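Peer 1: Below are the chains, spelled out letter by letter.
There are 2 protein chains.
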Amino acid sequence: MKFTDEELIVVKKLEILKNEAGSHSPGIFTFRQKLPEVEIKIDACFLSNPYATELFIEYFNKEILETGKIRDLLECYPSQNSVIAEILAEFLAINPKQIFIGNGAIEIIQAVIHNFTEKKIMINIPTFSSYYEYVKEGVEVVYNELSKAEDYSLDVEHYIAKVKFHRPDTIVLINPNNPNGAYIRLVDVQRILDELWFVKNIIVDESFIHFAYENKSYQLVSLANLVEEHPNLIVIKSMSKDFGVAGIRAGYGIMKQEYVQQLLNNGYLWNSNGLAEYFFRLYARSDFAMRYDILRVKYIVETLEFIKELRQLPYIKVYPSMANFVLIELTNGIMASEFVAKLLITYGIYIRTCDDKIGLQGQFIRLASRSRKENNYIIESLKSCLEMNFVLDLIDERAV
Amino acid sequence: MKFTDEELIVVKKLEILKNEAGSHSPGIFTFRQKLPEVEIKIDACFLSNPYATELFIEYFNKEILETGKIRDLLECYPSQNSVIAEILAEFLAINPKQIFIGNGAIEIIQAVIHNFTEKKIMINIPTFSSYYEYVKEGVEVVYNELSKAEDYSLDVEHYIAKVKFHRPDTIVLINPNNPNGAYIRLVDVQRILDELWFVKNIIVDESFIHFAYENKSYQLVSLANLVEEHPNLIVIKSMSKDFGVAGIRAGYGIMKQEYVQQLLNNGYLWNSNGLAEYFFRLYARSDFAMRYDILRVKYIVETLEFIKELRQLPYIKVYPSMANFVLIELTNGIMASEFVAKLLITYGIYIRTCDDKIGLQGQFIRLASRSRKENNYIIESLKSCLEMNFVLDLIDERAV
Numbered sequence: 001m002k003f004t005d006e007e008l009i010v011v012k013k014l015e016i017l018k019n020e021a022g023s024h025s026p027g028i029f030t031f032r033q034k035l036p037e038v039e040i041k042i043d044a045c046f047l048s049n050p051y052a053t054e055l056f057i058e059y060f061n062k063e064i065l066e067t068g069k070i071r072d073l074l075e076c077y078p079s080q081n082s083v084i085a086e087i088l089a090e091f092l093a094i095n096p097k098q099i100f101i102g103n104g105a106i107e108i109i110q111a112v113i114h115n116f117t118e119k120k121i122m123i124n125i126p127t128f129s130s131y132y133e134y135v136k137e138g139v140e141v142v143y144n145e146l147s148k149a150e151d152y153s154l155d156v157e158h159y160i161a162k163v164k165f166h167r168p169d170t171i172v173l174i175n176p177n178n179p180n181g182a183y184i185r186l187v188d189v190q191r192i193l194d195e196l197w198f199v200k201n202i203i204v205d206e207s208f209i210h211f212a213y214e215n216k217s218y219q220l221v222s223l224a225n226l227v228e229e230h231p232n233l234i235v236i237k238s239m240s241k242d243f244g245v246a247g248i249r250a251g252y253g254i255m256k257q258e259y260v261q262q263l264l265n266n267g268y269l270w271n272s273n274g275l276a277e278y279f280f281r282l283y284a285r286s287d288f289a290m291r292y293d294i295l296r297v298k299y300i301v302e303t304l305e306f307i308k309e310l311r312q313l314p315y316i317k318v319y320p321s322m323a324n325f326v327l328i329e330l331t332n333g334i335m336a337s338e339f340v341a342k343l344l345i346t347y348g349i350y351i352r353t354c355d356d357k358i359g360l361q362g363q364f365i366r367l368a369s370r371s372r373k374e375n376n377y378i379i380e381s382l383k384s385c386l387e388m389n390f391v392l393d394l395i396d397e398r399a400v
Numbered sequence: 001m002k003f004t005d006e007e008l009i010v011v012k013k014l015e016i017l018k019n020e021a022g023s024h025s026p027g028i029f030t031f032r033q034k035l036p037e038v039e040i041k042i043d044a045c046f047l048s049n050p051y052a053t054e055l056f057i058e059y060f061n062k063e064i065l066e067t068g069k070i071r072d073l074l075e076c077y078p079s080q081n082s083v084i085a086e087i088l089a090e091f092l093a094i095n096p097k098q099i100f101i102g103n104g105a106i107e108i109i110q111a112v113i114h115n116f117t118e119k120k121i122m123i124n125i126p127t128f129s130s131y132y133e134y135v136k137e138g139v140e141v142v143y144n145e146l147s148k149a150e151d152y153s154l155d156v157e158h159y160i161a162k163v164k165f166h167r168p169d170t171i172v173l174i175n176p177n178n179p180n181g182a183y184i185r186l187v188d189v190q191r192i193l194d195e196l197w198f199v200k201n202i203i204v205d206e207s208f209i210h211f212a213y214e215n216k217s218y219q220l221v222s223l224a225n226l227v228e229e230h231p232n233l234i235v236i237k238s239m240s241k242d243f244g245v246a247g248i249r250a251g252y253g254i255m256k257q258e259y260v261q262q263l264l265n266n267g268y269l270w271n272s273n274g275l276a277e278y279f280f281r282l283y284a285r286s287d288f289a290m291r292y293d294i295l296r297v298k299y300i301v302e303t304l305e306f307i308k309e310l311r312q313l314p315y316i317k318v319y320p321s322m323a324n325f326v327l328i329e330l331t332n333g334i335m336a337s338e339f340v341a342k343l344l345i346t347y348g349i350y351i352r353t354c355d356d357k358i359g360l361q362g363q364f365i366r367l368a369s370r371s372r373k374e375n376n377y378i379i380e381s382l383k384s385c386l387e388m389n390f391v392l393d394l395i396d397e398r399a400v
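So the sequence lines, in the order shown, correspond to chains A and L. All residue numbers for the first sequence refer to UniProt numbering, where the first residue is 1 and numbers rise by one. All residue numbers for the second sequence refer to UniProt numbering, where the first residue is 1 and numbers rise by one.
What the hints contain is simulated information worked out from the structure, not anything from laboratory work. This structure is a prediction, so every number in the text was calculated from the model and none was measured. Worth double-checking, as some hints may not be accurate.
For chains that are exact copies, the list does not tell them apart, and a pair is met inside one copy or across any two.
What the hints assert, rightly or not - Within a straight-line C-alpha distance of at most 27 Å, the following computed DSS-like cross-link-like pairs (lysine-lysine) qualify:
#1 K2 x K317
#2 K162 x K200
#3 K317 x K69
#4 K357 x K216
#5 K200 x K136
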């Protein structure tokens, strides 16, 4: 990729910012503070349903801002963990004592890995890095490398055999997986649960499950109700992606009663904030739930359209995904970090390189689906960015 | 106290609610959900500066609501822990690597006690219960019982001797203390730090320090800048009380760099929410800081006035306090739980019984100072409630 001198300074700053953020992308507030010269038009790094955000804001305006209830949300202590769990219990049809409320799913990941993983954890890679980063000293990590030849999807039989061989006390499945969006069908997850009954903790992270489906009615498929039957199952659910409210920090875990009790016994008392409590109360209401589900399906359909259009673009390979993002491999010798910088500087589109993801071989980016209008702009920008690169390379070759 | 049959049902429900909340008071949202028949006019259970809440809301309206930036706060991931620490560092004149951002001070208490307390902790009682509740299995708790005869204030020499005798690895000082508001002067805390250099962790919880002072200019006195010199010092700071934003969940800890690093190494990445990040950015701004300090002093002066008026009331003993609340002992045979119920049912004032506080001998309530107008209403209500009780008792006696 070609950069002007001015652009190169931005590329350098971008690199520093990324390094400071470790194995995650710098957030948009950090970004604005440290790179004010770049205007982000579209944050396609950010994996959320924008229509759900709008729906939440509609309710929030009407019920919280216009009524003046915002003062209470800011000023007063939120309810305790178990009180919020009770609110969700009826809606989810789950025993409230099996629900643990988290300050974002990440807090639950941390709590579970710190408290219940004892000796050995098996993690598929590529994956969401916190699962291996949060492992405590002395815990062995066994990686199950997903195969590029199989588009980084899970080979269920091979997986079961590997777990039986290594005997970890904790295994982690993200379904659909991040960063590639590969989905494990319910029948396969159930087979894993049946075969691996001896594993102490089977963590299934369903943070992107609202975007997956098994039939054309796009019905939601979740394991949340299987905890009763499989007490080694721990379902972790972020609300940030499906509901587009990452700033609120809301998530929950479904796990056996003893685990919830153990966590609450000496901690996690007021770990929700006022807005998160309002969100959870809303989430459990049927009027909101019905309107949300329409937007969930709308977003799935548009994401499918977006992925179809991405597949038409040259010089990239789009991996199969059942999430609201796609893993894209850059072919034709393009460097991911340079492509990300170019797209940001020229088009104001912020996407994620996957350079920091262990288990990926090649130049990869991860791209989120946004609103239809934003997706159209992303497609146009990617197209001209990819073609421009090809033209410049041609000119270069002739100059030589 | 006398109750009608209808009131007795409320008294019973109140008792259940309190039991469910454990050693804390049920929050106001829980309260409204479970006891809708009672209208809380004044939450005097809630220890915060209401003028600071108003100031925050003024900024929040102008900068977040009117500009439409609220969407970003709700939708986007907040910045990482270390980024927010950097924002505070300059304002506090502290090395950013010594700052750990918490989802409320309670998260920091949990993190410190879980990670750095190894064998033995010494805790003054009465105190904020989480300090002993969060202790992990296998850790010994030594209680230092504060003396009623000395109004539950700390006897510094006796304390130092006791720590030297028991050799705990962690000691906790809440300054001013909760639930009584007793203050330890800077010179005494410094003496403790000097004498107890061998203690691994000296936790000083300054959650109420903004309401204390050592001279008539009401200047803020804090240990935050002593961590460099005393690496065993851990200063914990809630923002909920002084800034009146408990619903936002914001707090920070100042501790040696290795501790912050150890916590961030495998956790606490996105533990602030969007509103908390906005709050922290505001907190570090001089325009906000200057306006806030005027309100801090205004509130201190009004609280002093409130305490003076409370001292005029019959049948109670008001303990000395340098916080924004007072511990009150009910004399004349009044039961704390009944008094709290009566005040709630008849006057809509919600206060805290201290029945669950270990280390208190007698019938105690804790009463927060609110706005001057609310304080006036509280004084009037307390007065008639106490006098009415006396009159009814007299009638009773005559009837017998």
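Peer 1: Each hint needs a verdict: does it hold in this structure or not?
Peer 2: For each hint, the structure was consulted:
no.	hint	in the structure
1	K2 x K317	within (22 Å within a copy, 78 Å between copies)
2	K162 x K200	within (16 Å within a copy, 44 Å between copies)
3	K317 x K69	neither (49 Å within a copy, 36 Å between copies)
4	K357 x K216	neither (32 Å within a copy, 58 Å between copies)
5	K200 x K136	both (17 Å within a copy, 22 Å between copies)
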